[in-house]
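Peer 1: Take a look at the letters that make up each chain.
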Amino acid sequence: MIKHLRDAGDLDAGNATLILDTARELARLTGGREVKKLPTLRGRTVVNLFYEDSTRTRISFEAAAKRLSADVINFSAKGSSVSKGESLKDTALTLQAMGADAVVIRHGASGAPHRLANWVDGSVVNAGDGTHEHPTQALLDAFTMRERLGRLAGLNVTIVGDVLHSRVARSNVVLLATLGAKVTLVGPPTLIPVDIASAEVSYDLDAVLPTSDVVMMLRVQHERMNASYFPSAREYSRRYGMDGARMARLPEHAIVMHPGPMNRGMEISPEVADSPRSTIVEQVANGVSVRMAVLYLLLGGK
Amino acid sequence: MASQNAAPDQARTGKVILAETDVHRVVDRIAHQILEKTEGARETVLFGIPTRGVPLAKRLSARIHAFEGIAVPVGTLDVTLYRDDLRLKAARALGPTDVPPGGVDGRRVILVDDVLFSGRTVRAALDALGDLGRPSSVQLAVLVDRGHRELPIRADYVGKNIPTALSESVRVSLAEIDGTDEVKLYGGEVQ
Amino acid sequence: MAYLITNVSVLGAEPRDLYIDGGVIAEHKGEEPDHIIDGTGLVALPGLVDLHTHLREPGREDAETVETGSRAAALGGYTAVCAMANTSPVADTAGVVEQVWRLGREAGLVDVQPIGAVTVGLAGERLAELGAMADSAATVRIFSDDGHCVADPRLMRRALEYVKAFDGVIAQHAEEPRLTEGAQMHEGEVATRLGLTGWPAVAEEAIIARDVLLAEHVGSRLHVCHLSTAGSVEVVRQAKARGVRVTAEVTPHHLVLTHERAESYDPVFKVNPPLRTPDDVKALRAALAEGIIDIVATDHAPHAVEDKECEWAYARPGMVGLETALSVVLSTGSLEKDGEIDWDLVAERMSRTPARIAGLTDHGHDPLPGAPATFTLVDPAATRTVDPVETASRSKNNPYAGMSLPGRIVATFLRGEPTVLDGKATK
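Taken in order, these protein sequences are the chains called A, B and C.
Position 163 of the first sequence, counted from 1, bears residue number 163 in our numbering, the numbering being contiguous throughout.
Every position in the second sequence, counted from 1, becomes a number in our numbering once 1000 is added.
Every position in the third sequence, counted from 1, becomes a number in our numbering once 2000 is added.
Take the hints with a grain of salt, since some may be wrong.
Taking CB as the label site, the calculated pair distances span [said to hold, decoys possible]:
{"id": "1", "chain 1": "B", "residue 1": "1039", "chain 2": "A", "residue 2": "261", "range": "39 to 47 Å"}
{"id": "2", "chain 1": "A", "residue 1": "226", "chain 2": "C", "residue 2": "2359", "range": "42 to 50 Å"}
{"id": "3", "chain 1": "B", "residue 1": "1089", "chain 2": "A", "residue 2": "149", "range": "42 to 50 Å"}
{"id": "4", "chain 1": "A", "residue 1": "222", "chain 2": "C", "residue 2": "2359", "range": "48 to 56 Å"}
{"id": "5", "chain 1": "A", "residue 1": "261", "chain 2": "B", "residue 2": "1127", "range": "53 to 61 Å"}
What the hints contain is simulated information worked out from the structure, not anything from laboratory work.
On a predicted model such as this, the values are computed, not experimentally measured, just so you know.
Beta carbons: idealized from backbone N, C-alpha and C, even for Gly.
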């Protein structure tokens, strides 16, 4: 197994599948039965190093680590030495001295987990870095797709919205390509990055819906509007939002995903978000299982 | 020309300890012993420990049913997440854990594994079982006991005791997984 | 002190002796020199001239000083460097440029020719006192807001016009700021994959295109700093064909390194303009050979450890280059004829032309009898493996670490005084 999960490129098909299979067993073991806690990582220390506020992701990692009996230290940038100007390297040396076996890092700068991995002996897990990647989100998305549709190879996955600024989209493009799914990116041309490898690009959502097995809606930040990426929220919603009419164009079995938090009425209508096709609540639950699997496989072998 | 010295041959291709018919006879005997020691397998659940404990548990259940017409439920219990040697070896894929309807509370659980060696797997299994509920008692059935215990653990049902050297290894093959029923001893001192 | 250099090849010609006395080169007529240097296998070049150096003094003496930067320059074969204006305080007054000029004289390792800022505080709002800097002891002729683009077209026009009064030249850092907000690296496949905001080639090309039109319109001289894209080469080519008075420089790093280097997220590869694609590198090499790009300039940009040992986005852009420039250029094979190094072309691109653009009349003369003894001796057969720690610079942000490069500077002379002997600085 790999030592770090810095981006989805760290995973080959074998390791990615092992994580998904392990997550499945963990979900069966801990879901619905009284066993919520396993002794596997007793005595290990997992540090959640969060430079950006993200209660959802931090709680998910914290629950995952605790269910494996690891000691969890939450180190958030606000009100800590970090906000007093301590460099990432000095923080890394501090964590190293504390004996962190794994550092889960969320950071506003792309590549921060790669830098951190140079400075600590423990495993580094990327919990979202800038506009780069969010590999555990892609793993839980893949897990959710596989649970719902039974496979990943050959699936047509359509990712819609602000791909340019989306770390979720980047990780999904890489991971889904590794696992044999076909990805199509849809959005206004201003929000599709240049020269993107291993994905198709379309600017016409309605045209790709009938052949999509999965549609993943990305969150659109309102501030993008001020930077002229698109003229208005209303125009965006009309061209690229998922509503009931568009949902009706999907094949019978197709699912609608969203990494959250949603802008209801912007990229997704309440009718879609709350429909049986929506996997949004499952994605959250699956997140804990997938993160348990990642921590177990990264830390279990040392 | 066949080797005249058994030891080097054993190191390479293994020495057969139990042949196919021996394995069948031993499983039958354990099934009978379970029926005797458990008042006809009342309130009893068999838990196979992956990988080869699982088909063994299923066979025992099938034989018990054949002998007495009693259906003993079979579950599987993966102990990977409860092992104490995780730091020493590469992280391994998890096996399945399946609890039969009715669970384990108040029932007699018989853990089934292929080889009893250090006892650490059984220790992990006891911990894993503890997280599933509170059995009234726990017993242990193994096809082979090769000695060298590192923990105060003993089996209630033993197919065959095989005195071994630490340098030797015991390999159990079962038709369900390996295509054949056989127990072989490998390695050891070459004379 | 008199020096006799025996059996040395001047610009690749048949080996001969050079006698150095009284700051000039003379024929050797049997005088007893104080020192003899065996020049066998060495090539004598006019001292290299760098049109684009960041010496960081005043303000960031922890990263570099005029003295340490001068020493690094001498070790790289340079006898003159043009010190960029983005110091703290900014070199936008006669006082600051004279301070830098004086520090350079005191160090005495290379001639330090200050570049003046175009606008007050590099803010791009109003012209600095260009005339006062030109008239100062530093006799500033090149003006640049390097690090920032003079983006306002009206201000750029005025600057180009104004410096005509004293034959000045505006050296433009061509970067349309609205197209590079938050930019971290070349916009392309690698930036997309790494999630780093792209710096599109067009942001450079659009400014160069505008500036050559402005220079043509007002009949002024324009110099383009660190040209980095194939498209920019074409813009300059067309302008030169029309007779626009434009010159352009390329850095050593843009001739060898490409944007894939960012994959490590190691900010030692972060530079502005960013490392581009292999196709750009190819076009830049060809343009340098052809003369569309006139000179090599280092953009030597030392940075303190903490400004590089951090997240990519927070790191300062720039890399050191004075000590490796000649070797890097030689490694590209751009300045070769029939597979042999064309030393005359090396002198043209790295000494004579930059000296002419900067108005440094003491520099850029072939080291032959009658010329000022301002030259450098190169061992072209030597190779070295770059170790960032072995440097005279205060900073270690060297992107060539571990690379094996051809050529070694054996000695450098400034007006008859050795600044480097046996590959070591003399002071």
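Peer 1: None of the hints should be skipped; say for each whether it holds.
Peer 2: Here is how each hint holds up against the structure:
Against the hinted window of 39 to 47 Å, the Cβ-Cβ separation of residue 1039 of chain B and residue 261 of chain A comes to about 59 Å, which falls outside the hint. Checked against the hint of 42 to 50 Å, the pair residue 226 of chain A and residue 2359 of chain C passes, with Cβ atoms roughly 47 Å apart. Between residue 1089 of chain B and residue 149 of chain A, the C-beta spacing of about 34 Å breaks the proposed range 42 to 50 Å. Against the hinted window of 48 to 56 Å, the Cβ-Cβ separation of residue 222 of chain A and residue 2359 of chain C comes to about 54 Å, which satisfies the hint.
At roughly 39 Å, the beta-carbon separation of residue 261 of chain A and residue 1127 of chain B lies outside the given 53 to 61 Å, and the hint is violated.
Hints 1, 3, 5 from the earlier list are contradicted by this structure; the remaining hints agree with it.
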